[in-house]
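A.B. asks: Sequence:
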Amino acid sequence: MTQAVGPARNVILTVDDDPGVSRAVARDLRRRYGESYRIVRAESGEAALEALRELKLRGDQVAVVLADYRMPQMNGIEFLEQALDVYPGARRVLLTAYADTSAAIDAINVIDLDHYLLKPWDPPEEKLYPVLDDLLQAWRAADRTCVGTTKVVGHRWSARSSGVREFLARNQVPYRWFSSDEPEGRRLLAAAGADGQRLPLVVTPDGTPLVAPEDPDLAEKVGLATTPAEDFYDLVVIGGGPAGLGAAVYGASEGLRTLLVERSATGGQAGQSSRIENYLGFPDGVSGAQLTERARRQATKFGAEILTAREVSGLEVNGAARTIRFSDGSAVAAHSVILATGVSYRQLAAPGCSDLNGCGVFYGSALTEAAACQGHDVYIVGGANSAGQAAMYLSRGAKSVTLLVRGESLAASMSHYLIQQLAETPNIVVRTGTVVEAAHGTNQLERLTLKDVASGHEELVDAQWMFVFIGAEPLTDWLDGTVLRDERGFILAGPDMTVDGSPPPGWELDRPPYHLETNVPGVFVAGDARYESAKRVASAVGEGAMAVMLVHRYLEQS
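The sequence shown lines up with residues 3 to 560 when you count with the numbering used here.
Quick caveat, the hints were computed from the structure, so don't treat them as lab data.
Values in this document were obtained by computation on a predicted structure and should not be read as measured data.
Please note: incorrect hints may appear among the correct ones.
What the hints assert, rightly or not - Below, a list of computed lysine-lysine pairs in the DSBU-like style, where the Cα atoms sit at most 35 Å apart:
{"id": "1", "residue 1": "453", "residue 2": "537"}
{"id": "2", "residue 1": "121", "residue 2": "58"}
{"id": "3", "residue 1": "303", "residue 2": "537"}
{"id": "4", "residue 1": "401", "residue 2": "453"}
Please construct the entire structure, taking both the sequences and the accompanying hints into account.
C.D. replies: Structure representation (structure tokens):
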């Protein structure tokens with residue numbers, strides 16, 4: 003991707019896999035629109051999508067996207083369909099040869115194509131500019147509900163700055179990042195009356211300054227829903243990962259008054275995945291953020307209410323009602339509850355890791371940090387799919403990516419397709435039988451001590467970036483004393499509670515628990531938090547849908 007530098011402007015993006023054509027299109031666009039628009043070009047659909055996501059995170063507006071139809075891996079129609087998820091208001095143009103006009107006409111209905119242009123477009127004064135002039139006029143006249151952009155002033159090695167960026171990005175809130183040691187960052191700090199000792203400074207679109215805000219306050223100030231609209235619902239879904247989103251979609255679409263409560267951002271661990279390639283219906287793969295954002299939009303389209311940055315602290319049984327307590331003391335009740343709380347990445351116990359969390363040590367993908375890894379050596383700890391997907395994503399810009407795996411091989415924990423991809427990527431090294439013994443650094447990660455499990459040999463390596471994926475722990479401590487769990491905290495349900503044929507303790511109904519039902523009637527579990535679950539996106543979505551079916555059965559018999 004090539005692009006102009008300088009202040010943010012409205013953008014015209016063009017993508018063509020032929021470098022000569024790509025340069026020619028960009029040249030003609032700059033000649034006419036370069037004074038008013040920033041011209042960004044890419045030479046593949048994937049590169050163009052990355053560019054769009056970067057522009058989105060920065061809060062830039064994309065006015066027009068031009069894509070060539072015949073591109074390998076991802077053709078122009080497929081690209082424009084995915085671009086629609088990132089910038090639904092951008093005008094879409096397909097560049098096509100005469101032989102492909104039928105595909106272009108079909109795309110008008112498939113992706114709401116605004117126009118298609120036949121190649122060659124010479125002279126542009128007759129065949130290109132009049133079309134774009136009309137599209138840009140329509141784009142400027144449209145209400146894009148953009149009232150400003152959130153600004154974040156922070157430092158690269160500030161843990162809370164990293165956390166705020168991740169929170170905003172995962173919740174699809176556009177923002178602009180300013181380093182606290184750069185002129186514009188210092189100007190914003192001065193304007194807010196902040197001395198820069200506590201970071202980040204967040205300036206909301208209406209100009210409200212927030213110093214090192216916690217997620218609930220930040221969510222409210224940037225326009226995310228944090229308070230339920232009602233006191234009572236048919237169904238409350240706790241957790242916004244694939245299982246929770248699946249339950250919300252099916253519950254709301256089938257007429258249940260549905261509330262979804264999420265402690266951070268919808269998507270869960272899957273939403274942080276840089277690429278999911280084994281999910282049904284996406285042969286070219288899909289990013290976790292894109293998949294879960296589509297699901298979130300789908301749920302809200304059917305009428306589901308979604309709360310963000312709300313911590314659930316308790317579950318109570320009050321007659322036929324199931325009451326959910328929040329950490330701030332408030333509560334909401336429902337006829338039924340689906341627990342889709344998912345899991346969190348286990349923390350590295352090695353000395354130094356906790357002190358450097360967010361300052362070079364990250365749990366999960368932390369995709370907002372990927373751009374800063376360009377040209378650096380990156381270490382990834384873990385041997386499952388999430389670690390492999392992160393390695394592939396970061397290898398695009400990093401100097402090297404080293405995968406540290408405790409086991410003797412990847413075969414026991416990683417999908418075969420990912421193992422092959424890792425082996426074929428020259429700047430990825432897999433070190434099996436290796437663990438992190440310690441992390442070193444004052445204000446940021448500087449070095450790692452690595453230990454060979456078999457020999458006990460230790461090695462000190464320079465490192466600024468380490469991403470950790472070492473298994474997961476269920477987020478279920480708040481259910482202690484109410485819902486049955488195994489010794490690791492995973493929720494027991496259905497047959498797993500009735501191994502000897504007898505009902506669970508305290509069960510008073512004359513029927514056994516349904517398949518996904520816990521020991522509390524009307525409270526169900528779906529996804530990774532369930533005992534012996536499959537830990538796959540597709541199965542989590544399926545369990546969310548199945549749980550809703552069982553909710554209907556429960557409500558009919560209540």
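A.B. asks: Hint by hint, say whether it matches the structure.
C.D. replies: Each hint tested on the structure:
Distance check on the hinted pair: residue 453 and residue 537 sit about 29 Å apart at the alpha-carbon level, within 35 Å; holds. For the hint linking residue 121 to residue 58, the alpha-carbon distance of about 29 Å falls within 35 Å, and the restraint holds. For a cut-off of 35 Å, the pair hint linking residue 303 to residue 537 stands: about 27 Å separates their Cα positions. A distance of roughly 23 Å separates the Cα atoms of residue 401 and residue 453; the hinted pair therefore holds under the 35 Å criterion.
This entry satisfies every hint, going by the numbered hints stated previously.
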